[in-house]
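Student: Listed below are the residues making up each chain.
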Amino acid sequence: MSVRNTVSLVFLLLGIVNASVVFGQDDEVFADSTSFADFLMNQGEVPGLQFQLIDTEAISYDSSTSIIGSYVDFAKANSVKDSLSSAGISFPSMRFLIFSEANTFQAVQEYVSILLLNGEIEPKTAESSTDLDLITLASRERYSPLFTAKYFSYSGDFKIFIVILTISIFFIFAFFMILFMLIFKAKRNRNEKLKAIYDEQIVGPLSEILFEKSLEELESLSNEELYLNFPEKQLKKAIYVEVLVDRIIALNKKMKGDFKLKLKALYKRLELDKVSIKKLKSSKWDRVVSGLVEVNEMDLTEAVGEVNKHINSSNFHVRSQAVATILNLSESVDLSFLRDQTFPLSRWQQMNYLRIIKYLSSSRDLQINSLFSSTNQSIRLFGYKLVRVLGLVELLAELEVNFVSVSDEEKIEILKAFEYLGVPANPSLINESLRSDNFKVVSIAAKAAGAIGDESNAVTICEILKTGPEFGLKLVLLKSLKNLHPERYQQFVEQGTDPELQRINKHLIDPLLQDV
Amino acid sequence: MKRILIIEDDLLISSLVQFRLKKDGYETVLVKDGNAGIDAINSEYLDMIITDVMIPFKNGIEIIHHARNHKPEVPIIVLSSLGEEEKIVLEAFNLGVADFIPKPFNPNELAIRVKRIFRS
Numbered sequence: 001m002s003v004r005n006t007v008s009l010v011f012l013l014l015g016i017v018n019a020s021v022v023f024g025q026d027d028e029v030f031a032d033s034t035s036f037a038d039f040l041m042n043q044g045e046v047p048g049l050q051f052q053l054i055d056t057e058a059i060s061y062d063s064s065t066s067i068i069g070s071y072v073d074f075a076k077a078n079s080v081k082d083s084l085s086s087a088g089i090s091f092p093s094m095r096f097l098i099f100s101e102a103n104t105f106q107a108v109q110e111y112v113s114i115l116l117l118n119g120e121i122e123p124k125t126a127e128s129s130t131d132l133d134l135i136t137l138a139s140r141e142r143y144s145p146l147f148t149a150k151y152f153s154y155s156g157d158f159k160i161f162i163v164i165l166t167i168s169i170f171f172i173f174a175f176f177m178i179l180f181m182l183i184f185k186a187k188r189n190r191n192e193k194l195k196a197i198y199d200e201q202i203v204g205p206l207s208e209i210l211f212e213k214s215l216e217e218l219e220s221l222s223n224e225e226l227y228l229n230f231p232e233k234q235l236k237k238a239i240y241v242e243v244l245v246d247r248i249i250a251l252n253k254k255m256k257g258d259f260k261l262k263l264k265a266l267y268k269r270l271e272l273d274k275v276s277i278k279k280l281k282s283s284k285w286d287r288v289v290s291g292l293v294e295v296n297e298m299d300l301t302e303a304v305g306e307v308n309k310h311i312n313s314s315n316f317h318v319r320s321q322a323v324a325t326i327l328n329l330s331e332s333v334d335l336s337f338l339r340d341q342t343f344p345l346s347r348w349q350q351m352n353y354l355r356i357i358k359y360l361s362s363s364r365d366l367q368i369n370s371l372f373s374s375t376n377q378s379i380r381l382f383g384y385k386l387v388r389v390l391g392l393v394e395l396l397a398e399l400e401v402n403f404v405s406v407s408d409e410e411k412i413e414i415l416k417a418f419e420y421l422g423v424p425a426n427p428s429l430i431n432e433s434l435r436s437d438n439f440k441v442v443s444i445a446a447k448a449a450g451a452i453g454d455e456s457n458a459v460t461i462c463e464i465l466k467t468g469p470e471f472g473l474k475l476v477l478l479k480s481l482k483n484l485h486p487e488r489y490q491q492f493v494e495q496g497t498d499p500e501l502q503r504i505n506k507h508l509i510d511p512l513l514q515d516v
Numbered sequence: 001m002k003r004i005l006i007i008e009d010d011l012l013i014s015s016l017v018q019f020r021l022k023k024d025g026y027e028t029v030l031v032k033d034g035n036a037g038i039d040a041i042n043s044e045y046l047d048m049i050i051t052d053v054m055i056p057f058k059n060g061i062e063i064i065h066h067a068r069n070h071k072p073e074v075p076i077i078v079l080s081s082l083g084e085e086e087k088i089v090l091e092a093f094n095l096g097v098a099d100f101i102p103k104p105f106n107p108n109e110l111a112i113r114v115k116r117i118f119r120s
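Listed in order, the protein sequences are those of chains P and R. Counted the way my numbering counts, the first sequence spans residues 1 to 516. Counted the way my numbering counts, the second sequence spans residues 1 to 120.
Next up, chain P with everything else stripped away, as it sits in the complex (with noise of 0.2 Å):
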């Protein structure tokens, strides 16, 4: 439709400018057919003049009937066929009649032309192009998206769909995390409420039944006599059995002598053990955690079993409960089972290992020395550490021994125990420590030589000594010259012309500064 409208505005702009020239020739009142028709467009009625719009397709068939309308306003004229040919309805044609009589676009420009010589009519001046006139060329285009989406022919509506349901998917989420939250603080609030209430119903039968009843009484006492004191109703409760655990464990803690005895048949007697054992079996690590603790503070020799199995767990809570409980209660378990943790032992796992050691080592064979064997370097510290504190003087041997394969760490660690137990260690082992490239080994070496070594140390030291070393290794190892071999310290720095030395020497001697 649109190369039809192109073609015909092609041929009467064809015709004005034919028209044009040969109105300029006789007159030149028009440049050329286009002024013509703007002046027709902005003119508006012109006397005599009539402009009929011809339906091209129906005057084939019926004159008469092929008239669309007639007009005097040509501008008119032209934007009822511009609307028509747009609106696909027609393609009309349109026809210039002078005094009702059909005539030609160039007759017609030549009686206008006359008219305007003659001053019959006055050109009108054209109006200053408005807004009117845009929204008219604009309407004789049909609407056509500029651009339009492959898959979805509403593009606007689809994001208007996506925004809308984003919003939804924010406000279901939202609402649905306040009522979560809403249960969940109404469920721990009901649980709190229920927890001060089970509290004070457990602690006046608690009370009496450990004061009233002595422990072959408690471990005798029959169903009904229980569930007098802790109704069997509430013993299926959940929260009320957590209350009771917690409380029993609480007390075990703080109480000693008999009532821990008590406690302990209390807490069987309410099969409140089967509860701890079923915790070690949880997926979650604080249930097993509180299980451990449970099943320590209970001494539930029964859940060993259960126990072992959480010693090598990932988990550093549980590995470490797990240890610690296994020590409290395996009557026949020594140490060999730590020897085969794969994971670093921490400073405070040693301390909480080392604080329940100290307690068995005395009526247990724990065998710290399969502690030495462990591919795990941290354990072997901690087997080294156990024979210092513990002051396991039969196992220097084997630490002597494996001195030549273990890393410096280890080999200060050794000489550690050596010095601190005042053994004196094989002097080759001292000796080969002065001698090392590692500061703290060679400090450390020599401060044990100062306490344990003997003559070959002292000589050993006067060697590294004349080498020159830095100031701060010149300074430990005059110092345990000093303690080690006093003559050969004194012979040593007579001889020395180093100021330095001279200066380590009256820091040594002098009373107030020697130990500074």
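Hints in this document: simulated from the structure, not taken from any laboratory. Careful, some of the hints might be misleading.
Computed, partial: chain R to chain P, Cβ under 10 Å [claimed, not checked]: (1) Leu-12; (2) Arg-20; (3) Pro-75.
Distance condition first, Cα-Cα at most 30 Å in a straight line; then the derived DSS-like pairs of lysine-lysine [what the hints assert, rightly or not]: (4) Lys-58(R) <-> Lys-264(P); (5) Lys-358(P) <-> Lys-103(R); (6) Lys-58(R) <-> Lys-193(P); (7) Lys-256(P) <-> Lys-103(R); (8) Lys-32(R) <-> Lys-213(P); (9) Lys-23(R) <-> Lys-264(P); (10) Lys-193(P) <-> Lys-281(P); (11) Lys-253(P) <-> Lys-284(P); (12) Lys-115(R) <-> Lys-260(P); (13) Lys-195(P) <-> Lys-58(R); (14) Lys-256(P) <-> Lys-32(R); (15) Lys-253(P) <-> Lys-115(R); (16) Lys-254(P) <-> Lys-416(P); (17) Lys-87(R) <-> Lys-358(P); (18) Lys-195(P) <-> Lys-87(R); (19) Lys-193(P) <-> Lys-237(P); (20) Lys-103(R) <-> Lys-264(P); (21) Lys-2(R) <-> Lys-264(P); (22) Lys-185(P) <-> Lys-309(P); (23) Lys-22(R) <-> Lys-193(P); (24) Lys-115(R) <-> Lys-124(P); (25) Lys-195(P) <-> Lys-32(R); (26) Lys-253(P) <-> Lys-103(R); (27) Lys-23(R) <-> Lys-254(P); (28) Lys-23(R) <-> Lys-213(P); (29) Lys-22(R) <-> Lys-213(P); (30) Lys-254(P) <-> Lys-103(R); (31) Lys-23(R) <-> Lys-195(P); (32) Lys-58(R) <-> Lys-253(P); (33) Lys-385(P) <-> Lys-58(R); (34) Lys-358(P) <-> Lys-260(P); (35) Lys-253(P) <-> Lys-32(R); (36) Lys-260(P) <-> Lys-23(R); (37) Lys-274(P) <-> Lys-103(R).
Okay, the calculated bits of chain P under chain R, using three or more residues with CB under 8 Å as the criterion [stated by the list, open to error]: (38) 206–216; (39) 247–254.
Beta carbons are placed, not taken as given, at the ideal position from N, Cα and C, and that holds for glycine.
Fit chain R to the known structure of chain P by using the hints.
Tutor: Chain R alone, transformed into the frame defined by chain P:
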């Protein structure tokens, strides 16, 4: 009947102590925090005070100070965990407490000590 004030935030411990002392025929006043303890010292007639060191609002030492100033004749027993600082224990003794019982403890032992203090 002798009247004993128990200042302890652990409900179970205080109940056990109360139960044991009642068995021996003492009347007990139970409070859970330092402020309530101070109020009780000011308002109640008391023959003895048993207090924990770590309690809410006011610590045991402040309670002892207050009791020494307001009721110097009333004997005080301090119940406390072994883990607590030696300094606190020494300070308590310097303030003139009658006895110190470390936790874990045996309520029967506490009852014997209470009896001994009253007898002396």
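Student: Enumerate the violated hints, using their earlier numbering and listing them in ascending order.
Tutor: Violated: hints 3, 4, 16, 18, 21, 22, 24, 33.
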